[in-house]
Amino acid sequence: MIQIKQIAAAVIMASVVMTAAAATMSVQVKDAPVRATPSFVGQVVGSFAYGDQVEVQQTQGAWSKVARAGVSGWMHTSALSSKKIVLAAGQEQAKVAASGDELALAGKGFNSDVEAQFKAGHKDIDFTWINRMEKIRIPATEMQAFLKDGDVTPKEGGAK
Amino acid sequence: MNMRHSGIPATQGKSTTDYTDFTDIRIRYDIVKSFHISAIRAIRGKIIFVFNCLIRNFTIQILCVLALASLPACETMDTLSEVGAGVAVATGVATPQQGESIKKAGSAVGKTFEAITPEQEYYIGRTVGAVVLNQYKPLNNEAANHYLNVLGQTLTQFSDKPETFGGYHFLVMETEDVNAFSAPGGLIFISRGMIRCCQNEDALAAVLAHEIGHVELQHGLQAINKSRVTSALTILATESAKSFGGQELAQLTEAFEGSITDITSTMMNNGYSRGFERQADRAAVTILQRSGYDPNGLIAMLTQMKKQLKPGGHDFAKTHPSPDSRIEDIVKWVGAAKPVVSPAARQARFQAAAGKI
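Chains A and B are the protein sequences, given in the same order. If you read the first sequence in my numbering, its first letter stands for residue 1, the second for the next number, and so on. If you read the second sequence in my numbering, its first letter stands for residue 1001, the second for the next number, and so on.
Hints are computed from structural coordinates only; laboratory data are not their basis. Think of the CB as a built atom: it goes at the ideal place given N, C-alpha and C, for glycine as much as any other residue. Among the hints, a few may not be true.
Listed next, the stretches of chain B that the computed footprint assigns to chain A, with coverage defined by at least 3 CB atoms under 8 Å from CB atoms of chain A [claimed, not checked]:
no., stretch
1, 1137–1149
2, 1155–1162
3, 1287–1297
4, 1328–1334
Partial list, derived from the structure: chain A residues whose beta carbon lies under 7 Å from chain B [stated by the list, open to error]:
no., residue
5, 30
6, 56
7, 79
8, 115
9, 117
Using the sequences provided together with the hints, build the complete structure.
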């Protein structure tokens, strides 16, 4: 009986740890909008930046309700990572950096320095249009109007 | 790692038994790999000790030992040893501290392309895109590119991966070749020739959705030779405690260049596997169905493409399975193929935009 209790305690401890680990996530995209409802048509109430750690309060399909510094709302899960993302690499952070399951070190690996080095060796490769196309960002309101004007009716819920 | 998606030959997914049979290891592996095994044994011993303290039940202990014994029995271990060897080469002799680095690096490296962060995927995609545009001139038509982005970025909202590090962006290539490319992270390029295969917005939506599918499923990253990722992460494992010096940057750039070549040669010359194309078509049908576009648009586009492709051409004919075989699959997913009927307003705006391309 004592052994059963011990096993049960160990299982509960393990599940508590898993829940706690899942509660905090990091924003893994440059700039992620936070919405009032779990949908891309939801009103944008704020945005979080790359590396921001957010508390996940609840999930609904592929959407997570997150909060940080007084801002709360819904983000698509593809914008979030369970890894902690460290922006400024200090010695201590770097020691655990190689443990990729736990922590991603922003700016390491293939980064702007490597791109610059690549450009120096390939002067014929032009990035002008890449920079130009990256600036094309269509606002959610324009997307909604586009769907409506074209008589395109999404299935309820949109992105899964 | 999901080998089904990896594109890595089965022979590279090294057998698991190499590491479960320890008696054979010293014969077959060098000193660094042996050190690495010792480290795993030590860690495993510590974990077993903790479990012993928690659970004083012999049967449970046996089960735990069996479970832990299976821990190294995964495909990640082969890559792990490669990194171990790389670290040893870089540093001379493997010290216990370096062994710890080897151990930590292993969990990241073993996943190969999955170990590439969204930020790194973004930088790879930028350069892949620039290489594509080195071969195909962009169409300098703001209205056309805006229309393509409104349609494309709207569709991404219905994919399983609507958010990427730098977002999805679309561009028309000024060529009559029937072609479309998607760089990792979401830069997507569609040729004028491809747009001319589309007779309505639903068909164009299908082309874009197929490319979004390649991005979502990270097919580009999976074209990267495993050794490049291993090489890059070895540098990270040994040098992450300090800023990169010239030598490390040069090595990383070499791995980067190799990765770009792997992706562009696959995308532009050899083509993805039949399986990857099928997955992208499946993703496209899903996106179209969720968004409200007619998935028959994909069939319509392929039917038209079949008429326009020149056998032996340097475009889609070279890098994609035959339209007929793709249509056969798509019909199974959407039911019977039906002609696309676009509402008047949708057709009018498509014709207005496509007419200028």
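Status of the hints after comparison with the structure:
1. 1137–1149: holds (count 4)
2. 1155–1162: Contact hint for the stretch 1155–1162 of chain B vs chain A: holds, 6 residues under 8 Å.
3. 1287–1297: n = 5 at 8 Å, threshold three: holds.
4. 1328–1334: violated (count 0)
5. 30: Holds: closest Cβ of chain B sits about 6 Å from residue 30/A, inside 7 Å.
6. 56: Constraint on residue 56/A not satisfied, violated at 15 Å.
7. 79: holds (4 Å)
8. 115: For residue 115/A, the interface hint holds, since the closest Cβ of chain B sits about 6 Å away, which is under 7 Å.
9. 117: With a closest approach of 4 Å, the residue 117/A hint holds.
Hints 4, 6 from the earlier list are contradicted by this structure; the remaining hints agree with it.
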